[in-house]
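Novice: For reference, the chains in residue letters:
4 protein chains.
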Amino acid sequence: MITLDEARAMIAVARAKGREMGLNPLSVVVLDAGGHPLAFEREDGASPGRFEIARGKAYGAVMLGMPGSVQKARAEEQPFFMGAVNGAFGGRLVPVPGGVLVLQDGVVVGAVGVTGDTSDKDAAVAVAGIEAAGFEARA
Amino acid sequence: MITLDEARAMIAVARAKGREMGLNPLSVVVLDAGGHPLAFEREDGASPGRFEIARGKAYGAVMLGMPGSVQKARAEEQPFFMGAVNGAFGGRLVPVPGGVLVLQDGVVVGAVGVTGDTSDKDAAVAVAGIEAAGFEARA
Amino acid sequence: MITLDEARAMIAVARAKGREMGLNPLSVVVLDAGGHPLAFEREDGASPGRFEIARGKAYGAVMLGMPGSVQKARAEEQPFFMGAVNGAFGGRLVPVPGGVLVLQDGVVVGAVGVTGDTSDKDAAVAVAGIEAAGFEARA
Amino acid sequence: MITLDEARAMIAVARAKGREMGLNPLSVVVLDAGGHPLAFEREDGASPGRFEIARGKAYGAVMLGMPGSVQKARAEEQPFFMGAVNGAFGGRLVPVPGGVLVLQDGVVVGAVGVTGDTSDKDAAVAVAGIEAAGFEARA
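Chains as they are written, first to last, in the working numbering: chain A, 1 to 139; chain L, 1 to 139; chain C, 1 to 139; chain H, 1 to 139.
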């Protein structure tokens with residue numbers, strides 16, 4: 001289980017890492033094991049739709065048990081499959097890097113979704129936040 | 001405009017006020033002037049659907065320019081009207097106290113939505129957070 | 001058929017009438033005979049969700065061939081009926097005064113939807129706009 | 001912030017530019033910084049679905065902070081990404097040129113969406129309207 005304090009720590013570190021790397025304004029969401037929001041922050045200057053994108057990345061990771069990079073690979077291999085799966089979730093998944101699973105003792109307890117810079121950099125800051133809070137990340 | 005730091009200050013004060021008042025675990029969202037999330041926190045022990053409720057309260061306030069108490073009064077007077085208006089927004093509004101407008105120089109710049117305890121107490125902590133951040137609240 | 005120039009004239013007169021009557025900031029939409037937008041204006045100071053409400057009023061009028069006042073009476077008499085009808089249109093109808101049919105030689109050619117003040121005043125300015133443009137209004 | 005008078009000026013100039021260039025009947029929407037309609041006009045002879053297309057172009061620009069040309073390039077590079085992002089917004093985005101960001105002092109304050117002719121010409125008239133109203137355009 002991710003507590004709110006842990007979720008906030010993940011966001012704080014992810015954002016600090018983004019500043020350190022000189023990234024664009026980031027938006028970061030932490031979802032619980034059921035795909036529901038625990039905490040979210042959108043940095044000044046980010047566009048207004050960033051919550052939906054951050055959540056879409058993390059939501060797909062939790063609901064499918066697949067981090068964004070795996071979803072992306074699958075989408076490239078079998079576009080119709082990921083499209084259909086997405087439809088089954090009302091189109092809410094955003095299957096690209098930046099949706100990172102959060103594990104504790106090998107069990108998925110949630111996911112972090114980051115958007116704002118390139119997908120790979122989004123994923124890197126998510127991993128930094130998750131690990132700093134004492135969890136295992138799967139990007 | 002509400003900055004992320006101001007949004008986080010609103011949430012911090014609203015949550016502190018909730019603890020001071022001995023309220024149930026709270027969930028607090030801050031939306032911008034277009035109804036889009038800036039920041040959200042869900043306290044430990046709150047049920048997983050709280051983001052949607054907090055957002056629904058704040059979203060209706062922003063989109064209609066009416067705080068939750070006014071929406072509720074209107075819903076009691078003309079249930080079919082508020083039901084229909086809600087439908088026009090895809091059913092996303094939650095027209096009860098706890099959706100509080102944030103004003104700056106008399107202009108609506110966003111809204112805070114709180115859920116977890118009774119609607120009136122939810123509204124009270126939202127007001128506390130908004131005022132502590134230097135804005136005017138309309139509950 | 002309503003031309004764009006006629007639609008703009010309806011909006012201009014409705015807005016002027018609103019100022020003359022000292023009403024709140026208004027939002028006015030003109031829909032064609034198929035319920036699709038021809039023109040829309042939202043006055044400064046109106047809340048951001050006003051397009052959906054204005055359209056909902058006019059859309060119900062066109063799609064059911066019933067002005068807002070008739071829809072409202074029906075909703076009060078038979079709430080389940082109007083609720084179900086609204087569901088059949090994806091919840092997009094707002095069945096209150098302010099949705100006014102536009103007729104030409106006795107045939108419905110569109111509708112005007114106004115929102116911002118009380119429903120009856122909204123309807124009054126819609127009628128003023130429609131008649132000034134040389135059409136018959138049914139409110 | 002874009003006032004209604006400024007929005008109407010953008011539409012007037014965009015339409016005049018379209019006539020000057022001999023374009024097909026145009027439909028032009030102006031959205032605020034939250035993606036909500038301020039003003040819309042559909043020229044005589046345009047097909048009835050044009051509001052949704054104009055809004056979809058402008059809505060994606062605002063919500064993602066990316067003008068239509070950037071969205072299109074991204075959609076060509078990573079079709080599954082833009083498809084998924086679109087799903088996260090309920091399928092409302094139309095990621096092609098003609099969705100043009102409106103900036104004031106370097107900050108996005110809204111977007112103009114134009115549809116009716118080729119996407120590049122749609123974008124050109126949007127830019128003309130935005131600049132004539134004293135704003136910066138990003139197409």
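Misleading hints may appear alongside valid ones.
Copies of the same chain look alike in the list, so a pair counts if it works inside one copy or between any two.
The calculated lysine to aspartate or glutamate pairs, modelled on DMTMM-like cross-linking and capped at a C-alpha distance of 25 Å, are [to be verified]:
#1 Lys72 to Glu52
#2 Lys17 to Glu76
#3 Lys17 to Asp5
#4 Lys72 to Asp5
#5 Lys121 to Glu43
#6 Lys17 to Asp117
#7 Lys72 to Asp117
#8 Lys72 to Asp32
#9 Lys121 to Asp44
#10 Lys17 to Glu77
#11 Lys17 to Glu131
Read the hints as simulated data drawn from the structure, not as lab findings.
Novice: Against this structure, judge whether each hint is valid.
Specialist: Hint-by-hint comparison with the structure:
no.: 1; hint: Lys72 to Glu52; verdict: both (18 Å within a copy, 20 Å between copies)
no.: 2; hint: Lys17 to Glu76; verdict: neither (29 Å within a copy, 30 Å between copies)
no.: 3; hint: Lys17 to Asp5; verdict: both (18 Å within a copy, 17 Å between copies)
no.: 4; hint: Lys72 to Asp5; verdict: neither (30 Å within a copy, 33 Å between copies)
no.: 5; hint: Lys121 to Glu43; verdict: within (16 Å within a copy, 29 Å between copies)
no.: 6; hint: Lys17 to Asp117; verdict: within (12 Å within a copy, 36 Å between copies)
no.: 7; hint: Lys72 to Asp117; verdict: both (17 Å within a copy, 18 Å between copies)
no.: 8; hint: Lys72 to Asp32; verdict: within (22 Å within a copy, 27 Å between copies)
no.: 9; hint: Lys121 to Asp44; verdict: within (18 Å within a copy, 30 Å between copies)
no.: 10; hint: Lys17 to Glu77; verdict: neither (32 Å within a copy, 28 Å between copies)
no.: 11; hint: Lys17 to Glu131; verdict: within (12 Å within a copy, 31 Å between copies)
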